[in-house]
Structure formats: C-alpha cells, structure tokens
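> Listed below are the residues making up each chain.
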Amino acid sequence: MATLAHPVTVEEREPRVAGGPPASPPQQGDRGGSRGPGFTPADRLRRYRIGLAVGLTPVLMLFVSFTSAYIVRQGLSDDWRSIALPPILWMNTVILLVSSFTAEKARRTAVRDEGPGGLWLGITLILGLGFLAGQWIAWKQLAAQGIFIASNPSSSFFYLLTASHGLHLLGGVLALGYAAAASRLHRPPETRRIVVDIAAWYWHFMDLLWLYILALLFLAQ
Amino acid sequence: MSEAHAEAAVHAHAAPTGFIRKYIFSLDHKVIGIQYYFLALVAVFVGMFLSLLMRIHLVWPTAHLPLVGEIKPETYLTLLTMHGTIMVFFVLTTAPQSGFGNYVLPIQIGAPDMAFPVLNMLSFWTTFLSFVIMLAAFFVEGGAPLHGWTGYAPLSAIPSAGPGQTLGADLWIISIAVFCAASLMGALNFITTTLDLRARGMSLMRLPLTCWSWFITAILGLLAFGVLAAAGILLLLDRNVGTSFFVPGGLVMTGIPVKHQGGSPLLWQHLFWFFGHPEVYIAILPGMGVASQILSTFSRKPIFGYRAMVYAMLSIGLLGFVVWGHHMFMSGMSPYSAFAFSVMTMAIGVPSAIKTFNWLGTIWRGRVRFYTPMLFAIGFVSLFVSGGLSGPFLAQPQLDINLHDTYFVVAHFHLIMGVAAIFGIFAGTYYWFPKMFGRMMNERLGQAHFWLTFIGTYAIFMPMHYLGIAGHPRRYSQLTEIKFLEPLMSLQEFITIAALITIGAQIIFVINLFWSMFKGPKASVNPWEATTLEWTVPSPPPHDNFGGRVPVVRHGPYEYAVPGATRDFVMQDEEQPVQMHS
Ligand code: HEM
Ligand SMILES: [Cu+2]
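Protein chains in written order, with this note's numbering: chain A, 1 to 221; chain B, 222 to 803.
Just so you know, these hints were derived from the structure itself, not from any lab. Heads up, the beta-carbon is just placed ideally off N, CA and C, and yes, glycines get one too. Treat each hint with caution, since some may be false.
Claimed, not checked - With the C-beta cut set under 10 Å, the calculated list includes, among others, these residues of chain B facing chain A:
no. : residue
1   : 332
2   : 410
3   : 420
4   : 422
5   : 444
6   : 455
7   : 463
8   : 464
9   : 466
10  : 484
11  : 574
12  : 610
13  : 613
Could you put the whole structure together from the sequences, leaning on the hints where they help?
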C-alpha cells in the first residue's frame, strides 16, 4: 500500500460476519452470469436479439407518446375534423403483411443455414419499397384534396404517424439491403445470418406497429 | 473454459494502433468513458460560467460583464435556460452514467468491453454533436432561447415570443432530440451488456451496487428519452410547419394574433415531466451506486442491507414514472389528481429513507478511512438528505402553490439533484482516478477541495429556502423595485459571494486532476483495498481489460471483514475458502 498518500493501517479487530450470499464457485445451473461473456456465433446472435428487444422499447415509447398526444388533442377542443383515409392504405397494408411473410422465410432460411435466402430477401426489399411508395401516393392523394399537415389536427397526426413509421421502416429496408449485400461485401456468413435475423424481427415489429397505427387512425374517424 | 478464452481473445476487437482509432474514434469502452467525462467537464465549466453571470447580475445589476456586456431581462433568461439545460443534460446525465458507467461497468462485471462497441462510439459522438448544436444556439441571430430548461409551451412554440425563440430555440430542440437518440443508444448498450456479458458466477445478487444503479438508470433512460423525443418532434412541427399540438387559440404575441388554435400547453407539460421526473433519478441513481460502493469500501464493512438497497433503487425507478404531476400542481389540475400525485410522491420517501439509513448503517462502527472519495461520498449522503427533506413539503399541493415559483424549489433541486449528483461525480473521480490514469490524486488538495466545496454549496443553497419562503420568485433578473424583497438583498449578496468562492475552489480540483494525471505517484492495482473486479486488473487496465484472462466470480461485492479470511477484504474472484454462516 505504498502508493497511498497516507499509509493505511489495518488494525486488528474481531471480524464481523459479512452480509451477502455465501461464497461458492459458480454452479452450472446458476441463473444469470453462469455462462460468462461468450463470443461464439450463437452468443452473438442472442446478444443482438436482446439488443433488438431493448432497442424497440424506446420506439414503442415514441408511439405511445404520440398516441397519448393524439387522444388528448382529439378530446380537447372542437376543431378536430377527421379526414377520410385514402383507400390505398388497405393495399399498402396487404403488401406489408406479405412482406413480413417473406422476411420470415428469409430469416428461417438464413438461421437454419439452408442457403443464402437471397431471393426472399430481395422480394421483401421490393415489397418494403412498394409499401413506402404506396404511403407516398397516399400523401399525394391527400395533398391533392388540399389536406396538408397543418390543415387540421387529424391530418397533422396522420402525417406525423405515417411519416414516423415510414422512417423507421426505411431503417429496416437499409438493414435488409445490407444483409442482401453482405455476401458481396465479404462479410462472414455468421454476420450475415445475424443481420438477416435481426432485420426480420425488426420488420415484424414495424408490421405490427403499422397495424396499430392503422387501427388508431381508423377508429378515430 | 480455455475455448471461451480463445474466443474472447479472437472476437473482442483487437487493440488499435493509430492515434485516431485509439483516442478519437475509439471502440474501447474505457476511452469512450473518459471522452464522456471530459465532455462533461467542459460542459460543467460553461454551465458554471453562466451561473456566475446570473449571480453577479442579481446583486450588482449595473456591473459590466465579460462576453455578454449589459444584461437585459431577456439575456438573463437566456443564461438561465442554457445553464439549466447544459447542467442537466451534458453534466448530470453525461458524467455519472455515460462517463463512469462506460469506464467501469464492463470491468466490474468481468467483460472485455460493452456489448456493442461501435454503437458505443456512435453514442458518444452523437452526444458530442448534440453539445455542439446546443452551443451553436449562442451564436445565431437572436441568440440562445429563453424558455427555460423545461421549454414550456406556448413560449417555446412561437418564434415571435422573444429574442432567441427563433433559430436559437430550434437549435435547442434539435440538440435535445439528438441527445435523446444518443442516450437511447447508450441505454441499449448498458442494458444488453449487464444482461448478457457478466462473468461466470456474477449472478444479479453479486453485482456491485454501482452496476445496479447504472442498469436501472439505463432502464429509466430507455423509457423516458423516447417520450422527450416525441415531445420535441411535436414542438418542432408546431414551430415550423404550422401544426397546433401545444398552442392554444386566441393567443396574441407582440400585438399580432397567432394563427394556431386548439392546442394544449398542458400536453407539453405532461410529456415533458413524464420524462423530467425520471430524468432527476437518471442524474442521481449513479451517484447512489458510487456512494454505496465507496461507503462500504472505506468503512471496511459490507454494505448494510444489500438486497434492500437493490429493491429500493428498483422501487425508486418504478415510482419515478408515476409522480410527474407533482411538477404541475399549479396547472389547475383537479384536486383529486393532485392528491394522487402527492401521495405517490411521498411514497418515494420510503425507499429514499431506506437507502439513507442503510448508508448510515454501513458507516456505523466501521473502521472508517477518511480519504477524499469517502469524504465526497459522505457529502453526497448529507446533501441527499438536506435536499430530500424539502421534497415532502413541495409534494403538498397546498404548500407547493405558494412555493412553486420561488427560490425554495431552486434550493430543493440544486441540493438534491445538482450538488448531490456532482458530489457523486467527484467521489467517483477521486475513487477511480487511480484505475483510469494509473496515478494517485493528491490527497491534501482533495481534502481542501472537499471542505471548500461542501461548506460552499451549503452556504449557497441553504439560504435559498429562506428566500423562497419569504416569497422571492425565481427566474427574474431584477427585483430591486419591489419593497418586500429589499431586506433580502443582503442575503442574495452573501449567496453570490459564496458562489464566487465555491467556483474558485474548483480550480483546486482541476489542478489536482491534470497535475496528478502526469505527475501523481504511480497507483498500485488495488490502492483502496476494494473487492470488485476493476481492482484485480492493472492500473490502467489493458485493452481487453483482463489481459486474455476470463474472470470467474465467487463472492459478493462487499465482503469486508469476513471471519476466517486472511485479510479484511475478499476479492470477488478470489478462490480463498471462506467459512460463512458459522
Ligand atoms: C423524497 C423525495 C422527493 C420529493 C418528495 C420531491 C418532490 C418534489 C416536488 C413536489 C417538486 C416540485 C416543486 C415545484 O416545482 O413546485 C420537485 C421539484 C424538483 N425536484 Fe424533487 N423531490 C424529491 C426528490 C428529488 C430528487 C432525488 C431529485 C433529483 C435527483 C429531485 C429533483 C427535482 C428537480 C430538478 C425539481 C425542479 C424542477 C424544475 O422546476 O425545474 N427531487 N421535487
Ligand atoms: Cu419530480
């Protein structure tokens, strides 16, 4: 202890019983921390899945906040004029649902190591872009009717919710694109598998989120 | 085991060599932790400088001040806003959690790094960007905003509401939104790391309390920052594209009717405080962890009531999400809601008291070693109690309606959030400095720094309770014309002088910090004779923390004075057989 400015003197004292759980070597069955920090492909996949589940929480909180604002704003004053939802939304919804199905195909192919699954990835990508294009058309249709973001609180929320969701979905599109390009970029197959798996789960979440938003917009009409 | 060993060596990223990858865009959690720490250090000096200008202006209104010149009432509000924002976000949220958490958490749980090193680097640089955007608000036309750190609408929502409410306010909101993104990335990393990277044998009930506090803080951040981001987005839309989420109808600003209608300023308050109250715990929880760690180490006793400490922190975190309304008693809420918020707020007093008594129980009859980290940890407890005692008063709606807009609230939150959290940072600095920089800080200077700061902050903030009870309102630049406040002027002068001295005393700290970094005596592996894993590795630790070794944990974190042990402390990974439970 020569490094201390004032040397520590440890006086002799009757030792006391320490608190905390008793000392024991780690058991195989110990919950938590029993494995130790692992770096095998399976460990990494698990870690990224935990990360995704954690990372989706704030996305959820974002939309929960928008929802509470929605409810408050609608109930608050008499200037709310519900807009008619553009019918193309139904088609977009179908596209997104199908894309979730193909994303799952890609994910299972990749995780079970049954080949690159590039075809399913490609289809999902195209469907995702199709959905975004469909949303764009929906905005165009509203704008053609003279309904813009500031026209009415209900249109404000329409644009806000669809745009926020669209931006998040765009993130998913980029992830899928990265997964599709991963083999070209000479990423190890293990990394590609993780990217496909995470992107697909994210995609499902975006799918559910869209259904929720649609229900919210629909019920408020 | 040896397989995992090899794996770890292969997969934990290799040590970088170039200067840029090593010190600037580093993936190493230790470098990133230090980057966060220095960002906060810069921020705290900016924030302190702003507060100094305010204090001087309050008592010597005609004084000409550097950089700002004449202080108009609007200028004062600008200083106030930027002071609060910088302190809360870039100091109290940044140093205790992102700074120390990043540096220490992976080592304490026995991991080679954070779960996602690239994300970790990104979150630091995003925080940095956010800070730059915040500072940029000073230099745009109209200057920085004046809507306070709480950004209440409609003041914050209407660009014509005052100087600084144009571009400055936009930058402020964007900076906060970017900060939210950065904090969310950080929280994600902390949570995944704690869940998935713990060493073998590091069960949850063997985690050091510091790790628990960082973990719980990360969960609070994860739930709170998304809400603030949502509020910020809505506010930006109100300001820039003409929506009306927060702006009511019939508003007239500088003689011109505002076009918005139907929005709700209270909606902003709800969203803001749903974030804002958990935020105060984001600032203080890491300090609680650090204090627990240090009190136990320097009392040479196990922490009193480890499990109770964990459950108290968990319940503080949980309750923190249902009390936001206590900031809004003035908003005209129904007395029933006010009552509910009041009861739940006071319920937080229970876990807070449990923590306090357990800290005292830890010191009680310990063989206390009064080194600087210990002094600051004790100071933390003292300030937490002094600041916390005014909480239950403010939690009474009837009392709060009188006290809300007065210096009483300023006293409350500065003691408990401002200074207590800063004491947590100081305690952590003096405690982990040897590990971080491989050298010891100067003990004499440390003690001088402690006493001057401790007495100084009490001298600044205690009298503010009195000012508040006497009716002195907060957020005003000048009250010289008001008769009943005149007798309070001498007290205000006293506070300003105390502030000058206390801020001056921080120079001692800075000198000690930088001098010791290069010239301090070399630190051993475990200078404080502590038990947690960071004290089993060299000071400073190698790139992968454990030098290829994979630690296995066999003991709880605070096994001091264990019967039958060879020393008065047992390291967490020690194999020595210890008989317990005779
Ligand atoms: C038993 C514990 C506590 C109680 C009962 C309590 C109660 C309150 C109440 C009722 C207010 C609102 C006063 C007003 O604005 O009129 C308040 C304000 C505040 N409290 Fe606490 N508090 C407690 C602990 C804490 C802690 C631990 C922190 C921070 C670490 C904290 C930080 C703040 C801040 C920053 C404000 C002022 C916000 C502002 O107006 O800018 N409080 N507290
Ligand atoms: Cu609060």
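> Of the hints stated earlier, which fail here?
11, 12 and 13
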